[in-house]
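Kindly generate the complete structure, drawing on both the sequences and the hints.
The listed protein sequences derive, respectively, from chains A and B. Numbering-wise (full-length UniProt numbering), the first sequence opens with residue 1 and increments by one. Numbering-wise (full-length UniProt numbering), the second sequence opens with residue 1 and increments by one.
Just so you know, not all the hints are guaranteed correct.
Unchecked claim - To give an idea of the interface, some chain A residues facing chain B are shown, with a C-beta separation under 8 angstroms as derived from the structure:
#  : residue
1  : Phe13
2  : Ile54
3  : His73
4  : Phe90
5  : Asp92
6  : Ser94
7  : Met96
8  : Leu100
9  : Asn114
10 : Gln165
Said to hold, decoys possible - Computed beta-carbon distance windows for the label pairs:
#  : chain 1 : residue 1 : chain 2 : residue 2 : range
11 : B       : Leu108    : A       : Asp8      : 46 to 52 angstroms
12 : B       : Thr152    : A       : Leu68     : 55 to 61 angstroms
13 : B       : Asp44     : A       : Ser121    : 40 to 46 angstroms
14 : A       : Lys192    : B       : Ile14     : 51 to 57 angstroms
15 : A       : Asn185    : B       : Lys7      : 38 to 44 angstroms
16 : B       : Ile17     : A       : Glu166    : 44 to 50 angstroms
17 : B       : Tyr341    : A       : Gly91     : 30 to 36 angstroms
18 : B       : Trp330    : A       : Ala120    : 19 to 25 angstroms
19 : B       : Leu366    : A       : Ser150    : 29 to 35 angstroms
What the hints assert, rightly or not - Partial list, computed: chain A residues near chain B (C-beta under 8 angstroms):
#  : residue
20 : Ile89
21 : Leu93
22 : Ala105
23 : His210
24 : Phe213
In case anyone wonders, no lab produced these hints; they're calculated from the structure. Even glycine gets a Cβ: it sits at the ideal position worked out from N, Cα and C.
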Amino acid sequence: MGILEVKDVGKRFGGLQALSNVNLSVKENSVHAIIGPNGAGKSTLLNCFVGKLIPDTGSVLFEGQSLLGRKPHEINQMGVSRVFQTPEIFGDLSVMENMLIPCFAKRDGSFELNAYGSVASQRDVQDRAEQMLIDMNMIDKREEHAAALSRGDKRRLEIGMCLAQEPRLLLLDEPTAGMARADTNNTIDLLKEISDTRDITIAIIEHDMHVVFSLAQRITVLAQGTPLVEDTPDNIKGHPKVREAYLGETQVAA
Amino acid sequence: MLGLNKKDTNLLIIVAIMTMLAPFLLNPFPEGSALAQFNAGYPDLMQRFVIFGIFAMGFNLLFGLTGYLSFGHAAFLGVGSYAAIWMMKLLTMNVIPAIIMSIVIAGLFAVVVGFISLRRSGIYFSILTLAFAQMSYALAYSVLTPITGGETGLQPKPNDPRLLDPALADGVTPRAGLFGLEMSSSTELSIGGWVFTFNAGYYVAAVVMLIAFYLSIRIFRSPFGMMLRAIKSNQQRVNYTGLNSKPYTLAVFVISGMYAGLAGGLLVAMDTQVGPERMFWTASGEVVIMTILGGAGTLIGPVLGAGLLKYMENILSKINKGVIEGWFAWAPDGLDSVLIYTVNMFVGKQWHITTGVIFMLVIIFLPGGLVELGKRGARVFRRRDRKGLGLEPDAAKQRNAAE
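Shown next as structure tokens:
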């Protein structure tokens, strides 16, 4: 049984059946990609994992526990972190503060009324955040305003913030969208490194085939709200159904 | 010191010195001189400076840190005032129970208002808080008259029960005090042409303000304060970082309401009367203006903004046509009436126009308020120093490299 088990999930928006009969199993410590043409329901599916949307039918289990009906912060505290399509960081805060916040959330849980102690005196959290910035290769930017970072650095910071919480499952929603080639390659390398060195499962939604085929061990192809095939990258590349539904439309130098 | 870093400690010490020396600092002009009307060192106004400083400080904890713009904060001030006056009527004229009760009752009221209003954010939150405040105002005028005194308001009467106080002699009016020290008692000190007034009530309020200021620094520097700034910056990321933003915003809303209640209680301690107009929406708007004028999200800004607004309200409004005529007596006929007419538009009853103009200028040119003005000033000075030391070319080189 996988770390994330999706069974018969369906979701309807008015007259549009966005998802139907989605079955998916993400194996622990693997990198699992979900691909599909525009409007295939990838983002809707991801939103069903994190508590932003509740599916009309079916179930979503994380480590055997249902995620349905839970709030985003509850799901996060269970060990699921999410990276957004456009990096969601705290732009008004410094890079160090950005990193401190998930470290506090990891230590203190979803709410802690510590209005009297100073941030600077919390050594354990400070050390952790500092270590995370070193791991992310961002320690020299610690005092910088997060909004002033480059797109690639924002993404790196966001991933670092997610990792600071030691999630069991990391969800990425088109992490390289709108990035230059160099930044994309850096992100791929970073994700590879994370997947190789940490005890973590990565589920990734991606448009960029280069990213998908460099990272994923399993790929699910979604078309019109239903999974078409699930297989290894090599088999997906040559799959006739996939070519027809998806890859055939784009030029893939595979 | 006191668990603060060096910069914050210095700020606290400077504010403490300024408040303690306020009777001198705010009275720079000798008595009887033409400029004496610009002196602000009289007890009533000094008390207002610190009390509205507390009010704005509390408002800033909510608005400056989380970005939630409450448009009904005067309701907490009013509720605090009523709680204080009832303690004075029922228990004792000592200000301590009155102040404590004003904080408690305003805090409880804030739990209710916050719980409902914080279900929405942005403009809807503002409207909900405004609705609550106007509702409180209307209720105080009408159905709640038995406990608010309606239009006439409340004040301690000689025949109130006052369980802890000894009975008053005939014809003696009850006065607020602190263990025998009357709030209204003052000592005057004359040096040359100057007269400085030291008022007991002012110093009590000033000490309370310093404590409130210290606590506000602690909140700013705490993990809680950092979470609030995170909520202002990106609430979505907060939720996806495993943090529940609701209890955070409710907690700061209640703390903020308690600051407002404290200010209301202190107002009653200084001047033992209260009426519903204290909760009118313009009073809520005033605290918004104070905070933005001084610099929202900064530590000292709201206090400065409160001081500036109260100064204008009390000093500008006192300048009448007769005074202006005196100023322009030197001008030739024709010109003097033009000058008098022009200046008269901005003073006296029309002081709001001046406030409005200043507020607009601040919003447009100084979005960071008076604090930003101070920072920019400091930067200019620093640059001059550098020039003197021949460092300017280096700095310019660095800047160019950075660009």
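What are the numbers of the hints the structure violates, in ascending order? Failing hints, ascending: 1, 2, 6, 7, 17, 18, 23 and 24.
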